[in-house]
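Asker: So the sequences go chain by chain: Y and H. Position one of the first sequence corresponds to residue 4 (this note's numbering), numbered consecutively onward. Position one of the second sequence corresponds to residue -2 (this note's numbering), numbered consecutively onward.
Don't take every hint at face value.
FRET-style restraints, in silico, Cβ to Cβ [to be verified]:
hint: 1; chain 1: Y; residue 1: 340; chain 2: H; residue 2: 54; range: 47 to 55 angstroms
hint: 2; chain 1: H; residue 1: 12; chain 2: Y; residue 2: 113; range: 49 to 57 angstroms
hint: 3; chain 1: Y; residue 1: 42; chain 2: H; residue 2: 124; range: 38 to 46 angstroms
hint: 4; chain 1: H; residue 1: 124; chain 2: Y; residue 2: 169; range: 41 to 49 angstroms
hint: 5; chain 1: Y; residue 1: 113; chain 2: H; residue 2: 50; range: 47 to 55 angstroms
hint: 6; chain 1: H; residue 1: 48; chain 2: Y; residue 2: 204; range: 19 to 27 angstroms
hint: 7; chain 1: Y; residue 1: 27; chain 2: H; residue 2: 56; range: 41 to 49 angstroms
hint: 8; chain 1: Y; residue 1: 158; chain 2: H; residue 2: 50; range: 52 to 60 angstroms
hint: 9; chain 1: Y; residue 1: 163; chain 2: H; residue 2: 53; range: 47 to 55 angstroms
Source of the hints: derived by calculation from the structure; they are not laboratory data. We put the beta carbon where it would ideally sit given N, CA and C, even for glycine.
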Amino acid sequence: MDELTARVAERLELRGLDGAPPAGLADRVINVMRTRRRRRRRGAVLAAALAVAVVAVPASVLGRGAAPLEPTQTPPVTATGGPPGPPLVAPRAPEALDQVVDRSSALTLPVEFDVDGQLLLFRAEALGAGGIVLGGTGFDADPFRDTDRRIWIGLPATGGRVPLTGPADAWGHAAGGTVLAWLEHRDEQHDYQLMCAQLGSGRPPVQVTRGGVQKYEQPVHTDGDTIAWVDEENAAWVVTGCTGTPRRLPVDGPVVAFAYPEAFVVDLRSGDLRVVDVTTNASASVAGVPAGIWNGDFTYFAASRELLAWVSNRTLMVLHRRTGRVYRSISKLPVSNGAAGDRITLTAGDRLVVYTCRPMEGSPETSVAVVYDAATDREVLLASEAYTAGERLLWREGPDYVLATVRP
Amino acid sequence: MADADMTLFDEFVVDRIASLYRYALVLTGNRHDAEDLVQEALVRTGLAWRSVRRKDSPERYVRTVMARLMVNRWRRPRRERLMADVPDRGVEDAELARVSDDAVLDAAINALPPGMRAVLVLRYVDQLSEAETAAVLGCRPGTVKSQAARGLAKLRVMLEREEPTWTS
Chain Y
4 MDELTARVAE RLELRGLDGA PPAGLADRVI NVMRTRRRRR RRGAVLAAAL
54 AVAVVAVPAS VLGRGAAPLE PTQTPPVTAT GGPPGPPLVA PRAPEALDQV
104 VDRSSALTLP VEFDVDGQLL LFRAEALGAG GIVLGGTGFD ADPFRDTDRR
154 IWIGLPATGG RVPLTGPADA WGHAAGGTVL AWLEHRDEQH DYQLMCAQLG
204 SGRPPVQVTR GGVQKYEQPV HTDGDTIAWV DEENAAWVVT GCTGTPRRLP
254 VDGPVVAFAY PEAFVVDLRS GDLRVVDVTT NASASVAGVP AGIWNGDFTY
304 FAASRELLAW VSNRTLMVLH RRTGRVYRSI SKLPVSNGAA GDRITLTAGD
354 RLVVYTCRPM EGSPETSVAV VYDAATDREV LLASEAYTAG ERLLWREGPD
404 YVLATVRP
Chain H
-2 MADADMTLFD EFVVDRIASL YRYALVLTGN RHDAEDLVQE ALVRTGLAWR
48 SVRRKDSPER YVRTVMARLM VNRWRRPRRE RLMADVPDRG VEDAELARVS
98 DDAVLDAAIN ALPPGMRAVL VLRYVDQLSE AETAAVLGCR PGTVKSQAAR
148 GLAKLRVMLE REEPTWTS
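Input sequences plus hints: build the corresponding full structure.
Answerer: This is how it looks when you write it as structure tokens:
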């Protein structure tokens, strides 16, 4: 046990040391249990009585030739393995979104799809600049439920999907132009390693790293055919293509955003953001970004060719990358209030920056997103998740994911 | 449940409530939630008492139920989030620094999702193996490993800073 786990164990144990139960708790437990038991017995008796009554209904009541009463059809079990959630509500995308995207370019990817008679729910995790959607099934589920989690490529152009993996303990998806990357638990020596699939190669996914990848909230970034990540020792790395040789960057710390050829790395000693040119290894501070910006895993970044954005303390900042000029600051960002916490994703395209907040576990129906257009200085609030890459925006609308290009 | 069984259950509750309540405190970190958790777990145990009482350790069964309730998004009334006091910056005295670090760690532990916290309790307080923890929670050992690793990683990141900041 290392020092941290020993301290965690110590703090957890201390919680229980002086804990005397409140007075009367034992009696309350016993009374509640007896009440529930009585209700259960009453319910069983009622159910039995109803069953008898149904059997005894004369045929004349059913109507001549009527079929016998069918048992109530049990609702289908979702791919999560649990009871079905509330029906999907189809929110109307606000008119304001129609001023951001070109609806005539819209392609849809249904959330539900059938695989050999089994209905699966697809959840988008990353959008590639070329319009590829990387996501998975079974990821709506509680991580403690043993469900069939797989990674799929979603193809809005055809409305279809291609499986990338079998059942896998995988997360941290990132989609570039030609490579797709994610973390997967592969062996007992490391928690997660980096996996890569090269589009159009016809080859299966490959494991890029021998060592483990540090488990920051957005642990992997891709642009084009280059992937950036940080290992368990907080050393930053890049690789070109799935089978290239990984190269270590000159700045140690989490890679928090990547827009080729520049990787944004947090210098953990100072908490400052540094930008590293992965082709020359030159590094510099980032114009317009305050010193000590890093707020642990609660700061989220995104970068594109022109834009740099981050979210900290529910405030979104968007800058012009070269000049540091502030486009916008948006405070009191909405949250999804997931029972087990929220997951925030920040993406940046050619002119959009998109903040998405989803519940950490369970159904994504309470997801929210803010789409900011740097070209028009407008923002749109969506009652769904959304992602941007290049000139495209992906969002969820009712039973579908919708992919559209941004209006010129 | 026959009267004799009922009596045995009542006796079990009275006898073990203190120990189980302390375990609930370890899992939840606050008295309100601990009270709800141990009550729910014991009620469920009572409803299954006929089979539970024949087990080697009914208490271990109740603890298992508590851990599973934590990971199964057990719904309880939303209460105000109870946090340790955040210390002021600029602490120099080593003893005070240690107390401050403990407060930060306590707050960080409380901020973890309940399921992740349950894994840490089972692994590092109960000292169960990954396989044993997985058996308690009814999940895969890989899930236990990843939840423990992610939980510790979050705590490590929190401790690298001096003040916690909460996103919701």
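Asker: A separate judgement is required for each hint: does it hold in the structure or not?
Answerer: Tested hints:
no.	hint	verdict
1	Y:340 <-> H:54: 47 to 55 angstroms	violated (38 angstroms)
2	H:12 <-> Y:113: 49 to 57 angstroms	holds (56 angstroms)
3	Y:42 <-> H:124: 38 to 46 angstroms	holds (39 angstroms)
4	H:124 <-> Y:169: 41 to 49 angstroms	violated (33 angstroms)
5	Y:113 <-> H:50: 47 to 55 angstroms	holds (50 angstroms)
6	H:48 <-> Y:204: 19 to 27 angstroms	violated (55 angstroms)
7	Y:27 <-> H:56: 41 to 49 angstroms	violated (21 angstroms)
8	Y:158 <-> H:50: 52 to 60 angstroms	holds (56 angstroms)
9	Y:163 <-> H:53: 47 to 55 angstroms	holds (53 angstroms)
This entry does not satisfy hints 1, 4, 6 and 7, going by the numbered hints stated previously.
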